[in-house]
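Asks: Quick note, the sequences are listed as chains A and B, same order. In this text, residue positions in the first sequence follow this note's numbering: the first is 1, and each later residue adds one. In this text, residue positions in the second sequence follow this note's numbering: the first is 1, and each later residue adds one.
Any given hint might turn out to be false.
Said to hold, decoys possible - Output of the computed footprint for chain B on chain A, the stretches with three or more beta carbons under 8 Å from beta carbons of chain B:
1. 48-61
2. 172-183
3. 234-241
4. 287-299
Claimed, not checked - Derived DEER-like restraints, expressed as beta-carbon distance ranges:
5. A/P213 - B/D184: 42 to 52 Å
6. B/D184 - A/A289: 47 to 57 Å
7. B/A60 - A/V107: 27 to 37 Å
8. A/G229 - B/S56: 31 to 41 Å
9. A/A145 - B/F71: 46 to 56 Å
10. B/Y273 - A/F32: 34 to 44 Å
11. B/P12 - A/A289: 24 to 34 Å
Bear in mind the hints are in silico, worked out from the structure with no lab data behind them. Virtual Cβ for every residue (Gly too), placed ideally from N, Cα, C.
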Amino acid sequence: MNQRSLSRNAWIAFFVTPGLAIVAIFIILPLFMSLFNSLYFWRGMARLEFAGLENFRRIFFQYPFSERFFNALGNNVKWFTTTMLVQNTLGLLFGYFLSRRIPGSPVFQRVFFVPVLFSIVAVGFLWRLYLTPGTGLVNQFLLQAGLGSWARPWLGEQAIATYVIIAVNIWRWLGFPTLVFYAAINNVPQDCLEAAYLDGASETRVFFQVIVPLVIPAIMIITVLTMIGSLNVFEQIYTMTGLSGGPYYSTDTLGTLFYRTAFGGVDTGLPLIGVGSAIGVIIYLLTFASSALAILYFRGRETEL
Amino acid sequence: MTFDIKLKSTPPLKLAVYFLFFALMCVYVLLILYPLFNMFASSFKTTREIFQDPFSLPTAFSWDNYRQVWFEGGFSRYFLNSVTVTATSMAIVILFGSMAAFGVSRYKYRLSTLVYLLFLSGIMLPLKAAIIPLFLIVRNLGLMNTHLSLIFVFAAMGIPSTVFILAGFMRTIPRDLEDAARIDGCNDFSIYRRVIMPLSAPSIALVTIYNMVPIWNDFFFPLVFIQRDRLKTLPLGMSTFFGQFQINWALVFTALSIAILPMLIMYLFMSKYFIKGMTAGALK
């Protein structure tokens, strides 16, 4: 008996260890190293003495870090709210219409999902060319359509650059929430809808009071994914307005600020491991806290059949 | 079906809303297809032609741009590197991921929940935020400027969701099958290999697509770990190429077409699997 349970444990270890080792070394260990590193002073790659929360204090209160940090964080918030309001709302509505088997529904589904598969880098560079002021497709189109006054340097104006990049990202990703919601709405039992219609409920009412409550799990996952995605925006900025989030930091995000701090580029141009790790820790905490909040919020609103 | 839209019995205001959304969806389809079409068309033009009229169709058909980008621009190497790195990482993800899923779903033991939670935490933690320690680890292991650095990180990126999705599926396989195999003299590994894995094939297909697309497209980790040009993957190579040839739009459009085409062609043949696979994580 003892022999058997011993060999059973050996089998469990055999199956679990390789995967667990990779996850431990490359995901969990770095998390703790980030925490640890953020509590020390650094000179280049050399760790100096214990700093306590000094690195965090510098991020929140010391120029230029505080200014860059809150500016970047504000842009991440813009990413989240705009994506929720435009992309995910449209996704829910599109998903609903697709599930109503409108003509061409399968074609819409397939085409909508095409850009989801492309790399952010390719999409970013493609639209950077299209959005170029003089020769780009977008301004040329506006010019030929008689809307020349709308033409502008889309990525060069501080007030709109972030929203333009978000729009490009929505172009790439809208198909994802659409098809997630489509599948979720398709899973709503037909007799539920039938009963609601027989009771004389209008379509709007059925949508808000039957369908939406029943797809809360999908709404929750999309919200959490949007939060994680918005806090980790990097490639979109890197390819479209560059690592320093130009013009004049107006498109900067935590991701690009973090990268510049870690590998050199914030004012002094030197890598700042301590402050960089602290920004990394803040990104971890924000991701974790916002996802947890979203899950708690939606869990309370879930409807079981 | 009961809830298909019926045009005749629908009141006009509602009909107007339907048409509005239908029109919106058509606009989005155009917004997807035209820029892609324009990209391919531009890849057969000269930069001068693109600047003169970005909407015009190519006048002469020549593969010259493609030849230049593929051979002189280094895209043949970038492409090969991407294939190598993605295939190797995926092999590790599927092998170790399915083994771990088997280990947490088919045995009952005290630590199984803890092990499962450790894997789950890997889904929630954004790996990009750990780039500094990852950089230090990779450097200390002597893996800077090697494909192995990417393979390890991509494997770590893929294993958690693989365990999550596969364990969920493996839990539903009846235990009788396992017992029968055991009576026939199978040990635990052959149960995994000959009973559970074949039954999990459809889920494994989903997981493969779910992980392959982001790994193939990843730019961030190559950007940090790979400086040597001959080791670059497609997205990083694309970025380098853009930096060098920004002004030569014909070549940049060609490079973009090369970067986008493989995915598009695969999608044309298996769009259903791609949609199912990519949304697998969001739909349990």
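Asks: Which earlier hints turn out false for this structure, listed by number in ascending order?
Replies: 1, 9 and 11
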